[in-house]
Every structure is written in C-alpha cells, then in structure tokens.
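Colleague: With the sequences and hints as input, model every part of the structure.
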Amino acid sequence: MEHEVAYRFKATQSRPVKRRRVLPGGLQTSWATRKRAYDELWPAQRNRIQTALDHVNHETVDGVSHFAFQAQDVRRSGKVPVALVITGSSITSWTSFLGSLSDRLTSSRANLVVSLRSGESPNLKTLLRVLIAKASAGGDSGNEDETLLHHNTGRLLNYDLQLLEDLLRERATENVVIAFEESETFDGALLSDTINLISSWVDRIPFMIIFSVATTLENLQHRISRGSLRHTEGRTFSIAPASEVLELALDIAVRGDSIPLWVGCSVSNMIMARQKDYFQCTDLLIDSLQYAYMSHFYANPLSIFLLEDLQYAAVPRDHFEALRNLGSFRRHVESILEIENGADVVRALLESDERLFQYARDGVSRARALVKGLVAAVHLLHTLRSHVPRLDHITLSSLYIRGLAGELNLSPPVRELLLSIKMVPSNVLPRLLEEVLRHSSNNSDLALVELQQRLKTLTSCRTAPLRSHHDTHGETIRTTIVAQKVELSKQKSRISEDDSAYSEIVDQFHDYLERHFMRTFLRPENIFMHEIVIYDLKSPHRDVFMPRPRFAIERALSLPHDYLDCSCCHPTAGGSNLENTLSASQPATSILYQLYMESGPLINVADLWLAFDAVVGGTNNQEAAVMTQFQRALAELRYLGMIRPSRRKADHVTKVSWKGL
Amino acid sequence: MKRKRPTATPSSTLRKSRRTNTAASDHGEDELATDDSPTVAGKLSRHSEAHLGQREVRSAKLNGSANGRDTDEEEVKDTPRSQRRVLFADARTPRRGKGKNLGPIFRSENARSGVARNEAGEEEAADRGAGDEGEEEDDDDARFGQAPTFVRNADRSARRKSARRMLAAGDGDSDEDDDAAEEALARQIYASDSEAEGEEELEALQAAAAAGEGDGGEAPPAESVPPTPSKRGRGRPKGSKNKKKRTPSPPPAGLSAQERYFFAHRPGAANKTSGNTLTGVGARLLSHDEYFEVMRGWEDPHLMEREVLLRLHARAFGQWEFEMEQGFSVCLYGFGSKRGLLAKSKATAVDNEPQIVVVNGYAPGLTPRHVLMTILSTLVPASTLAGAKLPAQPAALLDLILSTLSSSAPSAPSTPSAPPPLTLLIPSLDAPPLRRPATQALLASLAAHPRVRLLATVDTPNFALLWDQSLRARFRWLFHDCTTFAPFGGVDAVAAVDALLGRSGRRVTGRDGVAYVLRSLPERARGLFRMVVAEQLAGMIEAEGFGGDEDGVEYRVLYHKAVEDFVCSNEVQFRTLLKEFYDHQMLVSRRDALGTERLAVPFRREELELLLEELM
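Which chain is which? The protein sequence lines are Z and A, in order. Here the first sequence stands for residues 1 to 661, where the numbers follow the UniProt record's numbering. Here the second sequence stands for residues 1 to 616, where the numbers follow the UniProt record's numbering.
A couple of the hints might just be wrong.
With a straight-line Cα cutoff of 20 Å, these simulated DMTMM-like cross-link-like pairs (lysine to aspartate or glutamate) come out [to be verified]:
| id | chain 1 | residue 1 | chain 2 | residue 2 |
| --- | --- | --- | --- | --- |
| 1 | Z | K649 | A | D155 |
| 2 | A | K344 | Z | E4 |
| 3 | Z | K538 | A | D481 |
| 4 | Z | K649 | A | D551 |
| 5 | Z | K538 | Z | D187 |
| 6 | Z | K276 | A | D468 |
| 7 | Z | K659 | A | E321 |
| 8 | A | K272 | Z | E598 |
| 9 | Z | K372 | Z | D277 |
| 10 | Z | K35 | A | D592 |
| 11 | Z | K134 | Z | E170 |
| 12 | Z | K35 | A | E321 |
| 13 | Z | K134 | A | D399 |
| 14 | Z | K538 | Z | E174 |
| 15 | Z | K134 | Z | D73 |
| 16 | Z | K649 | A | E606 |
| 17 | Z | K456 | Z | D498 |
| 18 | Z | K649 | A | E259 |
| 19 | Z | K125 | Z | D160 |
| 20 | Z | K649 | A | E542 |
| 21 | Z | K276 | Z | D287 |
| 22 | Z | K134 | Z | D166 |
| 23 | A | K346 | Z | D507 |
| 24 | Z | K649 | A | E535 |
| 25 | Z | K456 | Z | D507 |
| 26 | Z | K79 | Z | E170 |
| 27 | Z | K655 | Z | D565 |
| 28 | Z | K125 | Z | D166 |
| 29 | Z | K649 | A | D481 |
| 30 | Z | K655 | A | E259 |
| 31 | Z | K276 | Z | E244 |
| 32 | Z | K35 | Z | D318 |
| 33 | Z | K659 | A | D592 |
| 34 | Z | K456 | Z | D499 |
| 35 | Z | K649 | A | D399 |
Treat the hints as calculated values from the structure; they're not laboratory data. This one's a predicted model, so the numbers in the text were calculated from it and none came from an experiment.
Modeller: See the structure below:
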C-alpha cells in the first residue's frame, strides 16, 4: 500500500483502535469545556475584526463602483474606461478589495467581474481564452452545452471575443470588468494589445478595465504604448495602505468591551515585526491572533475560567491546584497576608475550592478590567498625541506593545505629551478634553466636565487663542550690553487675567492626565490572574509561523544527540570542541554530514569514503555493511539537496549547502 | 609529527645560545619562517605541488637513496586503520594512510607511527641536503589546528612585548610599584604559551638586551651586528620571501557561516582534491541485491531513541487535529522520514474521519490527475463515477471536486449533520513529482476549501521556496518540527548514488550491453555511435584543461559531422539512427544552460575509452 501513488485510506482496523483509545488525563480533561469557550469567543472576535476591515476600503469600493455605473458615457465616446487602483505595498488586500467590489457590482446590477493574473495569461491568445472561460463560468455555468451549440454553428475559435458577445447578448450585462491583478507583472506589449483589441470591441461589449498599481502610475503609463493609451480614459483610486489597515486590525483586536484575551507584548511584537519585515497581510495577522487564542485555550488549562457561564461543577479538581500554583496567585496571596485578617482569607482560598472558584472568577474579571483600562489608556495616549501639534508620530501598535510590556508609565511618549499639554493654546485644548471625556465614558469625572465648562465660558468671547504661562511664546529674552558684557534676562510678558485663568485649567488638566496615566499604565505581570487574560508565549508561535527548517536539519545532522538524547553519542568526550563530536555511534548520515561540512566546494567521494570508513569501520571487517551505510547516507544527503553531481573530476560531487547560511 | 625536542636538553640550549644573535636581529624573517611549516622540507614541499609523490621524489633526490624510503613504505602499509582522519582540502601535510596516497584532501593526525618516523627521517635527509642543521623544528602537528596566522602573530607580538617588559623589570631600572601589576600580566601572557620557540625568543631578547646595555658607552661589538645569511645557516631559500604566503589550510576558527563560505570560495583558493577514485581506493559500490541483503540484517542502534521521538511527536496529534479543524494546514519538517508518523496519525484519527486520502509525493509516477481522481473517487460513489464523463484537464477536475465538496456541505459546517471532513495526507509534499507550481496551486485550492484538511510532510530544507505569498495564504500553513531520524522511504540509495557519481550507464545496459546492441545495428549506426563517443571523449579531455562542466556533443555539430562522413544524408535519417540509441538508453539528450541540445553517452570516461577501443 505504501508504494501506491495515491489511495484512499480504508479504515479496516478502526474497531480495535477505537476500543484502545484512552481519554485524555490530567489537566487536559477540561479540553472539551475549553474548546467550547474557544468556539464561543474567537469567532466573535474574528467577525469584529473582519467587519472592521471590510469597511476600510469602503470609500474606494464606492468610488470604483460609481465609476463603473457611469462607464457607459465613457464608452459612448469610443474609449475604454479604466480604473487605476493604487495599492502601494498592500497588494495582499487586493483580493479582499476585489471581492467586496465584485459583490457590490454584481449584487444590484448585471455586472461581470473577471480577474486576470499574469501567470495564467502569458500572451494575448491565452489571455482572451481565459477571459472568455472565466466570463462564461462566472455567469451561469449551467447552460454550458447550450453556448457550445450556439457557437458551434459559427465555427468560432475559443479566443474569439465574438463568443463573449454572444454570451452577453442574452444577459444584458451592464459592465464586463476586467481586473488585472498586479499590473506590473504583465508584459507591457500584451497590455497594449489587449487595450487595442478591447477598444475595438467596446461598441459591442461593455468592457471596463481595472488595474492594480503597486508602484506608480507613470510606470504603468510608460509600459503601455501611446496609441493604446489614447483609447483609454482613466481615473485613479487608492486603497488604504497596508500598514494602516494592520494598525486598525490590531486596534480592533485589543480594544473593546468584549475582548476576552489579549496577546502580550512579546507575541504582538513578533507579529508586528513579522508584518513589517516580511509581508503585510491582514489575513496573516488574523491567523496569528487566532493561533494565539488556539494555543491559549488548548495548552493553558486555566483558560477555562474565561468561559462566561462557567459552573463550579465543570471545573476539575486538579485545576484548582494549578490555580494555587500560579505565579500571580502566590504573589497576590502574599500581599493579602499583610492586610489585617488576610490570613483567614488566604486559608479559605487554600482550603476551599468553592471559595477559590468564586475568587478566581472575580479575579479574572478584575484583571480584564485592568487590562482593558490599560489598552484604553494606550489608545487615549495615541489619540492625544495625534492632536497635539509638533509631536512625533508613534504607531499605535508600538505604543500597545510597550504598554503591555509595562514600560509606558513615565516613559518618554507620556512625558512628552504631558509637557506639551502644559503649553497647549486654548484652541487645541477643547478637542483634547473632549477626547478624554469620550474615553472615560463612566461619568465619574465631574472634575473634567467642570473644567470643560470653565474653558467654554473663558473662550466664548475671545477670538485669539489663550496661552498658558508655560508657553515660551509669552517670554521675551532681553539682551542688554553693560560695560561690554552681554546680559540676558528673561522676562515674562504680562499675562492677562484670562490667560492666568486658562493656565489654571491647563494645569488641572495636566494633573488629571498624569494621575490617570499613573493609575492605568500598570505592569501586566503585577496583575492578579494575568496569566489567564494575557497570552504571551513566544515558543510555539514563532516556530509555527516562521520555521527554521534548515537550522533544524543542520542541527539534527551535526548534533544528533540533541534530538536522540542517546547515551552513545553524547558529546562529552571532547567538550565543546567541534571536531570531537564525531563518533562512530552516530547515525551514518550525521557522520557523513559532519565530514561534508569540513570539506571545500568540491568533494572527492573516494576520500569521503575513506574518512567515513575510518570513523565507522571498527575492527571487524564488514566492508559491505559500512558501504551500505555510506551509500544510504550519501543518497540521503543528495535527497536533502546538499550535494549534486559534478563532472569536473571522476567520483566528485559538488557541495551545495553551507551550514548556517 | 616530528621529533619533539625536550626544551631543556643541554644540546638544545647550546644550539639556542648559538643562534641568539640571529634570532634577535632578524625577527621579521624569523617570524615568517615560523608562520607556516618551519622545516626546510616543509618549505620545499610548499613550493611544489605538495603532492606526496612529488615530495617523495624530491626527498629521494636529496637523499640520494630511494631504497631506504621504499622499505619504509612497506612499513607504512601496516599502519593501523585507527587513524583519525579529518576531511580537509589541505595542501600542506601530505600523508599516507593504509599505504595509499590519500592526497591533499586529507590530513591525518597520526600517532607516532611508522609514517611519522618515516617522514621525520625523510625531512632530516632533506634538511641535510639543503645544508640546514634542522634546528627550530617545532612540532608541526602542534601548529596545526591552532589559531590562524594572524592570531598567532598577534599572540607572538604580545608575548614578545611581555618578554621585553620582563627583561626591563629584571634589569632593575624600573622600580615603580604599578609596574608590578603589568609585570604580572606580562608574565601571564608569556606563560600562556609554553612553546619552545617562546623561550628561544626570550633568550634572544635577553641577548639583545645585553647588547643594548652594552652600547651605552662603546660601539656595539661586531657579533651583535646582524650576521650574514650564510652565517645564520638556516635554509630559507633566497627569494622565498617574495613567494605568496600560503593561507593556513584549516579555515580560521571563529568565522561566521558566511565568512566560511567566502573563505572556501576565495579567489585563488585552489579547491584541491586528490585524484583518488572509488575503484582506486578499493571501494566498491554495492548493487541493489547486495545493498538490500545487508540492509535486511541491519538494525539501527538508535531504534529506541527513534521510538521515543516518535512517541513525543505523537503526543501532538490532538493539537494537529485541532489546528486542522480550525482551517489551518499542518506541515511537518525536520530530518528523517515522517511517513511512520503520518501512518500513526491516521490510525488514531480513524474513528471520526473516515475520509482519508493519502498521496505519496515521493512516488515517481505521481501526476496531479492521480491525486484528483483519488479524491473524486472518495467523494463520489464508484457507481455514479463509472457512467460519468469526466473532464480531462486537472483544472476542470478540480472545479468538479470543489463543487462536489461545497454542494454536500451545508452552510453551517459545525452542525453534527455536516459531512465529515476530507483529510489529505501528503508525505513528501516537496518531492519532485509535486514540485511544479501548477500542482502546488492546485493543492492550495484544495486546502483552501473548508472541508479539506491537509497534513503534509516535507523533507528538504528549502521547501519554503515552493510557495509564494498568495499560495501560502491559501494553504494557511502551520509548521512543526518533527525530526524522526527514520530513513527516508522514497530514497533508492543505490540508484541515487549511481546517479550522483554518473554511473547510471552501469546499470541500464552496461558497456557489454552497448556492444551487444551495436552488433545488431547497421554499420552506419555503429559509425555514428563511434563518432559520438570519440567526440565526447575529446570534449572531456578539452574540458579538463578548461574546467568546463559540460559534456557531450552538440546536436548540430554531430549532425554536420555525420553528413560529412556520409553516415546519413538528411536529418530524418539522422534522427532515425539516433532513435535506436535513445531506445536503449545508450544516448541521452539534454539541454545546456544556453538551451542547445547536447547528446551524451551516459558513461564514465574510463568506460568510454574502453568502449571506443572496442568500436575501433
């Protein structure tokens, strides 16, 4: 069976297997419950993010579809309407953009959207064939035979646009939209030819073209011949830059009322760094978040406490033991002990599971509230910074990462903001106040509301903005020369009464913010039960998304003991000396690989054999056995793509792979 | 490798004191001399090709007696095989092992065996021949595998400074307190290398210091003037300083991976390998029968450990199942065949997923159509499939499968009434039959379907190059390191090694087989074949000097030659003649880098020579 090419696996021996199956033991017993929690919590989050992302390119979709609805006017003048969508580096969001566009176009009116890639259409003939095939499949694929019959009479070739016209005649299509995905990858001449051809059909088939432009418009224009350009009439649109979309997606994922779980600073740092360094793709971001949720619920038994309607009975006993061993629980307990009567509380928690259950539930919701406040404060910080003039732009994601690392309190971004707020003129301050008020939705901040009132009355009758006394604009520096010495003296310009009243407001606002940030920017690891509400394990995440297969294979081959953990290959004999790791007991491929590593770019197999024989061949005279191992090892190295034949000399091979590169 | 002089023997001190002046005065040269191989013989051989043979000739000449060496050679043959050899392109320390010429690719660290004695004797002879007294012969072996030249030079320089410092302190001129610490440091540096040479240097410096002290009042004595080269009597041949200094052959330690790569590919790095051949060293590649016979009786000593690894990976089955259920595809990588693991996984997954399709990526005849047909036959009952007219194109077939999958799946996939998922197990997804981008795209479209779960394994380290961004997004891979150390199933070791060493001809028909086929062909065909062989050999000989890697005869060239020789008169005839060769795999046609077709007889050079002899 195993040498068959492809086969269906028949479950013949399923019965005994089923009987032997053992239920998961230990902490994994709650997996079913946790799975339920996951199934409840993640899809909701996913939908939230997805809907938000769908709205990102809302305007562009509107614009393009509007352009499409008006395209008939353009065609009447004999030109091909062209929508140029500038994607920039966010090529990956093109698919989702085109998806929502084609939904929009086809839902209300009879439009046909065909997407073409350069790979499937290398020349004009193939391009047309693919176009016609996709167009006919896209409509109603049911009556394929009918159309076949139809054009059989005419004896048309399958790349004749006449086919398309016949097809569309019955459907009364408004637009046939041809979307060129990644227009840069298409040959310029092909594009020109296509445009020429299409422009000659425009009176019969309602064509419209969409180009996705990743570089610049000029680049595209240069590649299309001038004659073809004359047949087009274009309009440019642009979709949101990928980095913005990513920021938005992360924001949605971490900020809100219903967030059950947050990704910690190291994981989110990894996710964002990967997006920055390799490719920007929202799908990937969502996948990463999903995997974080999956890992948390699968591998952390205590994630069971995230379930909304958790009953005490549903929690297995050993989970409470795990809870008592939690780092933050221990710290918390120690802090309780210092309070009066703390010992009784602690005793109850240690002895009664039921008591602990309730306590943990409360702890989780408290921890949630704290992290939520932290994230909200990060967001507030970001918004305020964007409103205050002359402050550097710091991305929300980097602020978030720093916030979750617990580094934000009294950090430069916060201090910068607080300092600038002291100098803010009165035309900016109301907006800041508004933001802060919106942020603190619980109306407990009467002080703020009062502040707003005072500000309003102060500024109502003034046209010029008021300045606070911290503002250096109000200072003049006087230079006086006395006996050939320069004396500098600072002098505050006279501050009006209104100004000083305003300064007071600014000071109060500043103090309020400072207190607020002090209160909210906690260190997450000090939060009780943070292990349950924050997922921050790098370990499976990185390898699962960014594997290092070469490293793994090289390590397995050069240090087989790392994986095998056998007594025979333990590299104790030579300490860390590289050469001494070679031993006869190691797997043959591993020995050969280490010899291979010592060689130059060209390897003499005969010498390799001699070396191998010297390492492996013991005292016994089993040439054939050693040769078997040698041949297998050599074949495996070749299979791994590390050597290839060389014709330079007899019995030589070329080294292809270099360790560590 | 050579005599290890005890540093404190009276004779050596004598010698040292004799040459103190020398050492003191021409330090620069001295250093050069000690850089590489310090012996004259070593230097001589460095100038030559450093092949043992040549060296032997030289030393024999110098010796005037080749006989004595020959007897030594006999002794060498008895050298036990326990030597530890290190594979390295070393052109400096030629060695013999098992009495064979291992050539410069090997450096062996011998025990003081017959070889050592032999070479020492040889070198002594050489020394004498060059008029050298053989002093300053530091242990060559000790120098090997040490720090590279520049590091050693730096060390030496530090040591020299320390020595100077110690001497200065010893003179009693300086009595500052803080000097004591520096003095200690100097001693430490000095003591860190206890080579005899170091002591020599110290002595030399002492002598120099003495001379320096002396010149406080009077002119330096004549002896302290650098002596003439003849006086110093050491055998660096004139002009050797101008020779390009050889880089030490082991790559300097502590290089990063990329530096090591460029070190190996540095210009002028003669990538010297020995001229040994497998037949030459008495190794015989096994045939299939022999190979499998040995393998049948062979037992992996790491079977237990492999079992442990397998069990370890098997613990993740539940996790993988969860991941696949969430729409991800799981990809297992790492060294060793992961087929056993997949077999195990399907055995556990069997009760809730009856629809499992296995696609053996390594199977040579695998086509995309195979994959699709197997999937289709799993989805659709055989009775309906039998009467249906199936599309021929894989793309159309794929559409059919996807629509079948979608139609039988209700909108809510999590409801219990949902049809079971279709699990695709693909061992060796990166194997050649599946490597084409179109095939990967096809699999990606399958994997993107919510009802399809994909569990694949990959073997090569560079598998990630298979997918571009959009393919990868459709696959939604999650990778897991599953190193098993199990032998790769799809590898035919014998055939692979034969192909690697260009011996495929050996098994297809062999030289005798070719002769047999030719006998049954007309004279013209024989003439054409002879022509190909002759041209190919000529090309090989030419390429040897040229360094080209291309073999065979250009199709056009051969055709014109055939027409000239009246073997055929038009291309159709020519093709007909060639076809017979193709059919018997006596001739292979391939395209070179420029796209020109080349014809080649798939034999090694020796065999081609023999073949040509037979044909003449």
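Colleague: Look at each hint and say if it fits the structure.
Modeller: Each hint, compared with the structure:
| no. | hint | result |
| --- | --- | --- |
| 1 | Z:K649 / A:D155 | violated (41 Å) |
| 2 | A:K344 / Z:E4 | holds (18 Å) |
| 3 | Z:K538 / A:D481 | holds (15 Å) |
| 4 | Z:K649 / A:D551 | holds (12 Å) |
| 5 | Z:K538 / Z:D187 | violated (43 Å) |
| 6 | Z:K276 / A:D468 | holds (17 Å) |
| 7 | Z:K659 / A:E321 | violated (34 Å) |
| 8 | A:K272 / Z:E598 | holds (14 Å) |
| 9 | Z:K372 / Z:D277 | violated (29 Å) |
| 10 | Z:K35 / A:D592 | violated (57 Å) |
| 11 | Z:K134 / Z:E170 | holds (17 Å) |
| 12 | Z:K35 / A:E321 | holds (13 Å) |
| 13 | Z:K134 / A:D399 | holds (12 Å) |
| 14 | Z:K538 / Z:E174 | violated (52 Å) |
| 15 | Z:K134 / Z:D73 | violated (26 Å) |
| 16 | Z:K649 / A:E606 | holds (12 Å) |
| 17 | Z:K456 / Z:D498 | holds (12 Å) |
| 18 | Z:K649 / A:E259 | violated (27 Å) |
| 19 | Z:K125 / Z:D160 | holds (9 Å) |
| 20 | Z:K649 / A:E542 | holds (13 Å) |
| 21 | Z:K276 / Z:D287 | holds (16 Å) |
| 22 | Z:K134 / Z:D166 | holds (15 Å) |
| 23 | A:K346 / Z:D507 | violated (69 Å) |
| 24 | Z:K649 / A:E535 | holds (18 Å) |
| 25 | Z:K456 / Z:D507 | holds (16 Å) |
| 26 | Z:K79 / Z:E170 | violated (24 Å) |
| 27 | Z:K655 / Z:D565 | violated (29 Å) |
| 28 | Z:K125 / Z:D166 | holds (19 Å) |
| 29 | Z:K649 / A:D481 | violated (38 Å) |
| 30 | Z:K655 / A:E259 | holds (16 Å) |
| 31 | Z:K276 / Z:E244 | holds (12 Å) |
| 32 | Z:K35 / Z:D318 | holds (18 Å) |
| 33 | Z:K659 / A:D592 | violated (29 Å) |
| 34 | Z:K456 / Z:D499 | holds (14 Å) |
| 35 | Z:K649 / A:D399 | violated (51 Å) |
Hint compliance for this structure: hints 1, 5, 7, 9, 10, 14, 15, 18, 23, 26, 27, 29, 33 and 35 are broken, all remaining hints hold.
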